Amino acid sequence: MTMNALVHLTVLLNETVAAVLGKPDGVYVDATFGRGGHTRHLLAQLGPNARVIGFDKDPQAIASGEALMREDSRFEIIHDSFASLLPALEARGLLGQVDGLLADLGVSSPQIDDAERGFSFMNDGPLDMRMDTTRGLSAAQWLVQISEAELTDVFKTYGEERHARRIARAVLAEQAVTPITRTKVLADVIAKAHPSWERHKHPATRCFQAIRIAVNRELGDLEDLLAQSLHALNAGGRLAVISFHSLEDRLVKQFIVREAKGDDFPPGLPVTIAQMNPQLKKIGKAVEPSAEEVNANPRARSAHLRVAERLASVRK
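Residue numbers are given in the working numbering: position 24 of the sequence shown equals residue 24, and the series is strictly consecutive.
Honestly, I wouldn't trust all of these hints.
Unchecked claim - Here are the simulated DSSO-like cross-link-like pairs (lysine-lysine), alpha carbons at most 30 Å apart as the crow flies:
no., residue 1, residue 2
1, Lys184, Lys201
2, Lys261, Lys285
3, Lys281, Lys261
4, Lys201, Lys253
5, Lys281, Lys253
6, Lys282, Lys253
7, Lys261, Lys23
8, Lys285, Lys253
9, Lys261, Lys282
10, Lys192, Lys156
11, Lys23, Lys281
12, Lys156, Lys184
13, Lys285, Lys156
14, Lys253, Lys156
15, Lys285, Lys201
16, Lys23, Lys285
17, Lys23, Lys253
18, Lys201, Lys156
19, Lys282, Lys23
Simulated from the structure, these hints should not be mistaken for laboratory data. In this text, all values refer to a predicted model and were calculated from it rather than measured experimentally.
Build out the structure end to end from the sequences listed, making use of the hints.
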C-alpha cells in the first residue's frame, strides 16, 4: 500500500515475514507478489538453497517479478491467480513441501493510483478494474450483461451496501441509455442515487469495492487458496494472510477456526483431539499495523494479519 502515486509500501512487512520464516533453505510462496516487498525481505533472510515462488495476476507485477528472477535464481514468478497454487506446486514436485505461505489480499496501491486501471472513483479512467488485464471481462463489459437482481446482490454481499437495490436500479437505468465506460460516470451515478452519504467516505466506495471483487472473483479465489493451503504446507509450515476488509478477514478467521477445531462430531460424543483430526493451529491474535506504520501509510489502517501453523495430520 502507498501514499504516493505508483509507489508501493508493503504493509506489515516485518510481522508477516517473521510469521512464515522457518527453515533457512526451505520452500516459500508469496501468493500476492505485487511489487515484491514481502518476497525481497524474505529472500534477504534465506539461505542459498531456499526457493521462493510468487503468484500474481497483474502484468505489471509480473514484470517486476521477472526482473527479480534475473537478479535472484532462488525466485520464480508465476502469472496466474493464487487459486492455481496446487497444480503449480505439483508441476514442480513441491506439493506438501511449502514451509511458509503468505498472502497480502486486495488491490495494490499501484493499481489504485493508476487511473488507467479503473479501480479508483477519485480519478477518471476507463472502467476496467481487472487485476489481470490480459483476460476476463472488464467492469464495463461486466455491467453490460448483469441483471438488476444480480447487481443488487453484488452490492449487498460484496459491498455491504444498505441501499443496494436503489443504486443498482440507477446504474442500470443509466447503462440502458448510454453504456458506462468511465469510472467518473459510474461514481457520479452512484453518488446521485445514494440517499445517505457517510462522513469522510465517498458514496461510491462500497459499490466500487463490490464490483472489483466480483470482476476479479476475489472471494472465490481466496476460498480456493485457503483450502489448497492444507495440501501445500508441510507439517509445521505457516500460513499468514493480510486482509483489508471484513469479508476477507471473516473468511480467513472462520477457515482457521474451523480447521483448528477439526471434524464435526455429534455433541457429547467422547472423542480425543487427535480423533477430531485438526489441520491447523492458530498462532496468536490478529496483528494490526502500529500507529507509526499507519501514520506513514494511511492505507495500512484496516489491515489484519492472521497466522496459522499446519499440523502433522493429513485429512484424506
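Hint check results:
Distance restraint check for Lys184 and Lys201: the Cα-Cα separation of roughly 16 Å lies within the 30 Å cut-off, and the hinted pair is therefore satisfied. For the proposed pair Lys261 and Lys285, the alpha carbon gap of about 16 Å is at most 30 Å, so the pair holds. Simply put, Lys281 and Lys261 have alpha-carbon atoms about 9 Å apart, close enough for the 30 Å limit, and the pair holds. Distance restraint check for Lys201 and Lys253: the Cα-Cα separation of roughly 26 Å lies within the 30 Å cut-off, and the hinted pair is therefore satisfied.
Pair hint Lys281 plus Lys253 holds up; C-alpha atoms about 12 Å apart against a cutoff of 30 Å. Using a Cα cut-off of 30 Å, the hinted pair Lys282 and Lys253 holds, with the two alpha carbons roughly 10 Å apart. This hinted pair checks out: Lys261 and Lys23 have alpha carbons roughly 27 Å apart, not beyond 30 Å. Between the alpha carbons of Lys285 and Lys253 the distance comes to roughly 10 Å, so the proposed pair stays at or under 30 Å and holds.
Pair hint Lys261 plus Lys282 holds up; C-alpha atoms about 10 Å apart against a cutoff of 30 Å. Using a Cα cut-off of 30 Å, the hinted pair Lys192 and Lys156 holds, with the two alpha carbons roughly 18 Å apart. At roughly 19 Å between alpha-carbon atoms, Lys23 and Lys281 fall within 30 Å of each other, so this suggested pair holds. Distance check on the hinted pair: Lys156 and Lys184 sit about 21 Å apart at the alpha-carbon level, within 30 Å; holds.
The hinted pair formed by Lys285 and Lys156 meets the criterion: a straight-line CA distance of about 29 Å does not exceed 30 Å. Distance hint between Lys253 and Lys156 is fulfilled; the C-alpha atoms sit about 21 Å from each other, no more than 30 Å. Restraint check for Lys285 and Lys201: the C-alpha separation of about 29 Å stays at or below 30 Å, so the hint holds. Simply put, Lys23 and Lys285 have alpha-carbon atoms about 23 Å apart, close enough for the 30 Å limit, and the pair holds.
Simply put, Lys23 and Lys253 have alpha-carbon atoms about 26 Å apart, close enough for the 30 Å limit, and the pair holds. Between Lys201 and Lys156 the alpha-carbon distance is near 17 Å, which keeps this suggested pair within the 30 Å criterion. Note on Lys282 and Lys23: the hinted pairing holds, with a Cα-Cα distance of about 20 Å set against a maximum of 30 Å.
The structure meets every hint from the earlier list without exception.
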